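S.K.: First to last, the sequence lines map onto chains A and B. Under the working numbering, the first residue of the first sequence carries the number 9, and numbering increases by one thereafter. Under the working numbering, the first residue of the second sequence carries the number 404, and numbering increases by one thereafter.
Watch out, some of these pointers could steer you wrong.
If you want a taste of the chain B side facing chain A, the calculated C-beta under 10 Å gives, among others [what the hints assert, rightly or not]:
#1 H520
#2 V540
#3 Q541
#4 L594
25 Å max Cα-Cα, derived BS3-like pairs, lysine-lysine [what the hints assert, rightly or not]:
#5 A:K219 x B:K564
#6 B:K564 x B:K615
#7 B:K504 x A:K123
It should be emphasised that the hints constitute simulated quantities derived from the structure, not laboratory data. The structure displayed is predicted, hence computed values, not measured ones. Where a beta carbon is used, it is the ideal one built from N, C-alpha and C, also for glycine.
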Amino acid sequence: MDWQLVVDSFWPLLLGGLAGTIPLALASFAIGLVLALVVALLRLSSNPVLSWIGRAYVSVIRGTPLLVQLFVIFYGMPEIGIRLDPWPSAIIAFSLNVGGYAAEVVRAAILSVPKGQWEAGWTIGMSPARSLSRIILPQAARVSVPPLSNTFISLVKDTSLASLILVTELFRKAQEIAAFSSEFMTVYLEAAFIYWMFCTVLAAGQNALEKRLDRYVAH
Amino acid sequence: MSHTEDRRQGTLLTARGIHKSFGTNHVLRGVDLEVGRGDVVALIGASGSGKTTVLRSLNGLETPDAGELLFDGGPVVDFGAQAAGQDGGRSGRRTAARTAKTNRAALRDRSAMVFQHHNLFPHRTVLENVIEGPTQVQRVPRETAVGRAEELLARVGLADKRDAYPHELSGGQQQRVGIVRALALQPDLLLFDEPTSALDPELVGEVLTVMKELAEEGWTMVVVTHELQFARQVASEVLFLDGGVVVERGAPAQIFTDPAEERTRRFLQRVLHPLD
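Extracted from the complex, chain B is given alone in its bound form (with noise of 0.2 Å):
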């Protein structure tokens, strides 16, 4: 097992009773995390069981109707408030809008994420991608941010596309300048949106090692995957999503080899087993 129990310094993040609708449909239906530095957690689930928005709404990009987001050392974020504050007439509301608006920026800001479709900026060579938040947005000094995008590409094994455009990359290592690019950012947290889903089989393991490895050295991750391998082994606590909240939580070894909820069985069954 990668994760050892003295990486633990506490708990990074906690998500309580988040709750999500678009439009009618009620994709998050009081979902619990919990992330603790240097965990690994793995979200799985079918398509549509809402792991996707869980993530999403971990660095502001979907913002819940309910439930709160406590980091350690903030923010805290109460968006049952917030919508709260909704119904206070209009200065009520603009007072929440402005909350809300800083509120995701801070969430967004102890975090990092990895894109199912990379994301990385076609227009900007693999180096420029990787340094664009440190120098933009954290102020790091060019060259500083230069030599770290260097270390970090030359981990990754791309040192020498450094002046590549994304188009001029295969998918696997698009992908691995994605994590390079939210490494650079010195995230407290890793979000993967199923990295590997996009990708032709061959390049998966490219980029799940590369994962692996990001694991080992203690970084904290939510990770939402259908590479079950990879959960099985990297990952220090599964979470199984359906129908918007957590059906089952627990070590790999438990959920992948003695489930105790029938949903989750059938699950794994069917990706497991596909033709039986």
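Next comes chain A alone, as it looks inside the complex (with noise of 0.2 Å):
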């Protein structure tokens, strides 16, 4: 191994982390959660459209590769005009993809709330929007962080998905310092344990998180 490759590539390939692979990962999970509930909330609405339109998104989201949906939205969209820069398409592509996923966790966590919390908050004056925003997402939020640092943590790997439409992520990064140097092997392990680092980090919060969500729960 080129140990001094090693170490002249460490700087490069976490700089694309730390400016390409972070920023896509928490812009598109951001969006995507916001998504995420608007669907969630669509697939609960006892109104047959909106809750048959939920289920369509979710069905298509989670049908069809990912890859896919990147190459559709970047290299597909400008046949019909809609001409979008890396980035921006990376962002919309992750985003739908989370708000897909995470959208069937959302709806699981609102209804392991139980009913009495929905009634309770009607009995103290609430609407049924500012019972959810106070009374159930809170709620929700505890136990859907498990199942949302999955979410996430598929994601910061995904993102390496986009250095085929060209944002200079890290894997991106990775791929011309292997090109340039021929060293495919030690680039490519390189960049994977910075991906791992990064995950390692995100496991550690998610840990922080739950023990702060679970402080009123019983045990």
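Put the complex together from the two separate chains, hints included.
M.R.: Structure representation (structure tokens):
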């Protein structure tokens, strides 16, 4: 192994992660969560049309490969006159993807809160929307931290696909350095290590968050 | 008797001909009810007699299929008219749905409820549970709401629990917080849905004591209960329900010592002397 190369390429790779992978994942996750809440509420709606829209969305997103979604947005859309740069394309694709997967998590978490909580909200005068935001969602959040952490960690790694639509993130950097140096094993292992580091930090964050949200639960 | 005639200032709530079905199960078959201000009305009866459904109809947790609810000073809700509106085509239905929603909310705003399983908000402290309605819904300034909440908590002996989470309390304490949460809304009517049924026997007394004090203070209460002693001592009127109708109603002294109906007699016999 070429240790000098490992040292020399560490900073560019890490920078690719910090300036590419992480912001891409954070932005997509944030937008995706909002989308997920909307889709979950659609699915839970008593209106059959709304609930069908929610179901159809989840079905399409989960039933098609993320890479294909990415290519449709970046390479396909220009044919219908919508030309987007790599970054916005990637954020849109990943957000839509997270929205589909996290919607099921959010829906299950909302359903896990006992019906009596909705009723208590009603009897103290709350509208359903207010009950949702002040009573149901805070409790649902606790339940959904572990599965949403899974989604987020998957997303961090999935952002490597964005290298295929020319986003300069960690893996794109790795490909450039590998091509230039022809040290594929070294550079790709190093990239893998950095992804793993990121995910370890995230897992620790998940633990801390779970502890914090658990404080009001009996053990 | 805790209730005195001079507290009466007329009727607070009248229910007429309340009907409710769940699917093919016709749970309420025409229930009439009149609650005077300061009254304590106890609803008794076996499980499945419809007493909880009656209670839940009074604050919009259930929407009756037919009947009328009239609160003194509003709202007045005619559920039969709403049902009729549902046959009036698409726009008629939509108007009816909107009216029903407004009516349910207006009903609910006159009362507060204490649940069988307290339904406290587990992610909020005792104090936060109590001020949630006043601050979030009634727009009471936070300091005012906190002051009132502390006063009420002190009255039920829970002043030192204000910063505890519900899971840190005993069942009886949780239920007393549930009562305080209801009181904090300053409703005209307090609804109790079997408030002691889920409690260990030794915790029942502390909750009933609080309820008795509220009755003595002149709160208007409708109480679904299995605690016949409580009904006997505290209620101003007892309604015995069976099969979705009020079989018998009257002063507790009369109902418990000299029921007119055979069904009432059999129910009391079963509950008061289960081993005979």
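S.K.: All hints are to be evaluated individually against the structure, with a verdict given for each.
M.R.: Here is how each hint holds up against the structure:
Interface restraint check: B:H520 against chain A, minimum CB-CB distance 6 Å, threshold 10 Å, status holds. A cut of 10 Å between beta carbons decides the hint on B:V540: the least distance to chain A is about 4 Å, and the hint holds. Evaluation of the B:Q541 hint against chain A yields a held restraint, the C-beta minimum of about 7 Å falling below 10 Å. A least Cβ separation of about 8 Å between B:L594 and chain A falls short of the 10 Å threshold, and the interface hint therefore holds.
Restraint check: the Cα-Cα separation between A:K219 and B:K564 comes to about 23 Å, which is no more than 25 Å; the hinted pair holds. Taking the CA atoms of B:K564 and B:K615, the gap is about 22 Å. The hint holds against a cut of 25 Å. At roughly 19 Å between alpha-carbon atoms, B:K504 and A:K123 fall within 25 Å of each other, so this suggested pair holds.
Of the hints listed earlier, there is not a single one the structure fails to meet.
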